[in-house]
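*Asks:* Chain by chain, the residues run as shown.
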Amino acid sequence: MTTPLAVIADLVPPGSRVLDLGCGDGRLLAHLRDSRGCTGLGVEINADKLIAAVQKGVDVLQLDLEQGLSMFADDSFDVVLQIDTLPNIRHTENALRETARVGRLGILSFANFAHWSIRLRLLTGRLPVTPELPYEWYNTPNLRIATYADFTRLAAHCGLRVVDAFGLRGGRRIDFAPGLLGSEAVFCVQRA
Amino acid sequence: MSASPSALGDVTPQRMTFSQPLPLQSGALLPSYELVYETYGELNAARSNAVLVCHALNASHHAAGSYGGDPKSLGWWDNLIGPGKPLDTRRFFVVCINNPGSCFGSTGPMSVDPSTGQPWGSRFPVVTVEDWVDAQARLLDRLGIERLAAVIGGSLGGMQALSWTLRHPDRVAHCAAIATAPSLSAQNIAFNEVARRAIITDPDFHGGDFYAHGVVPRQGLAVARMIGHITYLSDDAMAAKFGRALRNGALGYGFGVDFEIESYLRYQGDKFSGYFDANSYLLITRALDYFDPARASGGDLAAALAAAKARFLLVSFTTDWRFSPQRSREIVQALISNRRAVTYAEIDAPQGHDAFLMDHPQYHGVVRAWFDRIAQELAA
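Protein chains in written order, with this note's numbering: chain W, 1 to 192; chain Z, 1001 to 1380.
With the rest of the complex left out, here is chain Z:
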């Protein structure tokens, strides 16, 4: 076997089956289901060093490590998680779970609906951030983890981390919510809706039951991904990376790929539509739209966060216009008004929303220092 490109080395996903139905926010039930997950590091004897990592829209349970030494198989947060990394697997037992409704092995629209023997497709129930948190909690129950040393996530993962502190306040000691928001803005929802319309209006979508037709709504999914990708990058990052550079050095006087940015977006869209499920994209963007813990308290976020008991770390990035620093500050203010312990870093990074996946020295420095303190508390 070749040497792994990851400090963590090769990892192996695991699978857990749940026969008891999961009650969902919609009122529906997810009958029986499977969750795929990975763990890194060792759970200590006191079972007190577990850290749950929550994934975002297009990511999976494969947060760190590699498969079979393949450098292309690195986990999506491999720069943050591993031995000697800011989230140090020599001290923490890290768990990352693929959420139900996603398409990387956990039960989702591509799975077989036991009541029909056919893929769930369009009939897969709408799942929410809260539903995911409950599903994750059940998996932790089975692993014998009563209380998390920390929960951490970025973007949609940050929403799950935040939701953990509200749904299970006694089970979370620390919460790191990175590049996230207390709810989507109208603009955020608008982008999601355009993406969904691109998928739903693709002739190959077949109302969500395209599996039976042996096709995939590739074009719609690719356009959805292109739209998403624009919002992940800052204007400056795009200008620096592509500018107005031409693909072939001259204008084509047509509607093919003239500019490098067009080539890049098409490449990203095509790549994505080759591995992501269209129904999962609809479901997960809907979960984003619906997340709004302040809704039950008439928009009063401080009242909504009063249930939280954890110590918090919030991180935002100056050029992130999808989940801007202002949205993180709203969470900080609501926590402060509840006298919760919170550290907030507003990292000066050029990459936009995607910065949360980058290895930025100050960003990772804050996360490292924060986890170091948790490790010291555990050892005390």
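Bound conformation, chain W alone:
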């Protein structure tokens, strides 16, 4: 996870019921529980990460996000998190719609492929290798790449309202030209 815990935690209202899709070892949910009194549930496909989450006292369901969130009722969570998971999902649009269906607030973050350093790198004719995208094009686990501007369009296409959006660089919030200066993009969305 490259998005700083504190940045995401600040976006989650205290006491929220949180669903963390692709929760990894559960550190974000444990942090939200301990620092903001949230109750939470994670979804993680990797068994070893699930064990690490259970060790932290975090409840996790071992499910494949590609199969959707049909297990969860509409508005059954205050907040649904997709931190650095969206690029790993093939059915991106469906995942976004489902996130907004299940949660009253969706918080998503992903590496912004339009950061200026990536634009420069592309000018050399090569795909970038950055701290947020530390893979070569031929071995990346990411199925999708997206930019800040692209996501804004997808959110609108899905009928979602963006209630907050910003870039991140070095763990710090960037509100000026986030699509150019943010190495990561963070979006808070709600059904319109």
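For the record, the hints were derived by calculation from the structure and aren't laboratory data.
Where hints are given, some of them may not hold.
[To be verified] Cross-link-like lysine to any residue pairs, in silico, SDA-like; alpha carbons within 20 Å at most: (1) W:Lys56 to Z:Arg1091; (2) W:Lys49 to Z:Gln1362; (3) W:Lys49 to Z:His1364; (4) W:Lys56 to Z:Arg1340; (5) Z:Lys1271 to Z:Gly1214; (6) Z:Lys1271 to Z:Leu1057; (7) W:Lys56 to Z:Ala1341; (8) W:Lys56 to W:Pro4; (9) W:Lys56 to Z:His1364; (10) W:Lys56 to Z:Arg1373; (11) W:Lys56 to Z:Arg1368.
[To be verified] Computed footprint of chain Z on chain W, listed as stretches where at least three residues anywhere in the stretch have a Cβ under 8 Å from a Cβ of chain Z: (12) 44-51; (13) 57-68; (14) 72-79.
[Said to hold, decoys possible] Partial pick of chain Z residues on the chain W-facing surface, computed with a CB cut under 7 Å: (15) Gln1333; (16) Ala1341; (17) Thr1343; (18) Tyr1344; (19) Ala1345; (20) Glu1346; (21) Gln1362; (22) Gly1365; (23) Val1366; (24) Ala1369; (25) Trp1370; (26) Arg1373.
Ideal placement from N, C-alpha and C gives every residue a C-beta, glycine not left out.
For this one, chain W is given, so just place chain Z on it according to the hints.
*Replies:* Relative to chain W, chain Z alone:
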């Protein structure tokens, strides 16, 4: 005495007699009865570290440890229970009870019916998962255990664990239901019915009162076990273990044992019919068939599970087609809709239903981590 092959060492079964009749779901009463059970570890001063282990169809109260150092006498869940094991007996007081109707020492069809002085046989009342849970609760009462730190079971044992959280919600802090289902499917019931017909139509069954004739319906019981065994294994596991391997290297052009799988099933069937009671097999498969906590709420499992207060662990195995992951997910979904705490692991294991008895690192890793958290909560 030789060194025990179990980390837990040798264990000794205990026996408890109950003179007050047990009311059953059928409306009948089990008059007086005995339960055989084993305990491992020490009950703490606060009596808060008890874990009840519920056994499945053909298992018993002997969940862990050995008898007299004999490696063949290991308990059925010895790889999971013991000092340093995922269910660590250095921290938990573990209780496992042989259910009434079974045939390993607790009152069952082979026991003497006090009203006739004869073995119960066909007259032993049909018992359900709920009846077992109530019988277990009475035994825990006598041990001075008001509230369980956890209840755990696999397969039919998982059904009992689930039922515990519904019948005695205030007495269960945590529930681990492994390789189980909220009810049997039509296919599951169909397999059970074939098994029962094999037993009942065996000429040596004598309507269930074969004890008086000095015989056992061995053939029927063996066939029942063969059918069961097929459903415990995955197609892949069977292919890997036996494939089309021949017993004697050549086809026999007859109906004897040609294939290794035939030899294996016959061996399992014969072994089983040598120690298991035919009436117990009928009763226990019927308890499986009847288990359906959602029945009272018109099939609405979420409504049925609303009574539960425990924190849950559900585990399924990808190749288990008898109690498939989908059935566990039904339970998970019903618990989630009630906002109950639940962790669910879907373990990628090749063995089929039997995987719940195996020492799989991720499966045992999840169970270990889950019990570690319970132990930490107890210590806090």
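*Asks:* Under 7 Å is the threshold here; is the Cβ of Val1366 (chain Z) close enough to any Cβ of chain W for the hint to stand?
*Replies:* holds, 6 Å
*Asks:* Straight-line Cα separation of Lys49 (chain W) and Gln1362 (chain Z) no greater than 20 Å?
*Replies:* With Cα atoms ~10 Å apart, Lys49 (chain W) and Gln1362 (chain Z) stay inside 20 Å; holds.
*Asks:* Lys56 (chain W) and Pro4 (chain W): Cα distance at most 20 Å?
*Replies:* Measuring from Cα to Cα gives roughly 19 Å; hence the hint holds.
*Asks:* Quick one, are Lys56 (chain W) and Ala1341 (chain Z) close enough, alpha carbons at most 20 Å?
*Replies:* holds, 14 Å
*Asks:* Can we keep the Tyr1344 (chain Z) interface hint, with Cβ of chain W closer than 7 Å?
*Replies:* holds, 4 Å
*Asks:* Was the hint right that Thr1343 (chain Z) lines chain W, CB cutoff 7 Å?
*Replies:* Thr1343 (chain Z) check passes; min Cβ-Cβ to chain W is 5 Å, inside 7 Å.
*Asks:* With chain W as the partner, please determine if Trp1370 (chain Z) meets the hint condition of a C-beta pair closer than 7 Å.
*Replies:* At about 6 Å, which falls below the 7 Å cut-off, the nearest Cβ of chain W leaves the hint on Trp1370 (chain Z) intact, so it holds.
*Asks:* Checking one constraint from the list: CA of Lys1271 (chain Z) to CA of Leu1057 (chain Z), max 20 Å. Satisfied?
*Replies:* Holds: Lys1271 (chain Z) and Leu1057 (chain Z) sit about 16 Å apart, inside 20 Å.
*Asks:* Quick one, are Lys56 (chain W) and Arg1368 (chain Z) close enough, alpha carbons at most 20 Å?
*Replies:* holds, 13 Å
*Asks:* Interface hint check: Gly1365 (chain Z), Cβ to nearest Cβ on chain W, cutoff 7 Å. Holds or violated?
*Replies:* Holds: closest Cβ of chain W sits about 5 Å from Gly1365 (chain Z), inside 7 Å.
*Asks:* Take the C-alpha atoms of Lys1271 (chain Z) and Gly1214 (chain Z), compute the straight-line distance between them, and say whether it is at most 20 Å.
*Replies:* Answer holds: Lys1271 (chain Z) to Gly1214 (chain Z) is near 19 Å, not above 20 Å.
*Asks:* Take the C-alpha atoms of Lys56 (chain W) and His1364 (chain Z), compute the straight-line distance between them, and say whether it is at most 20 Å.
*Replies:* holds, 17 Å
Of the numbered hints given earlier, the model fails none.
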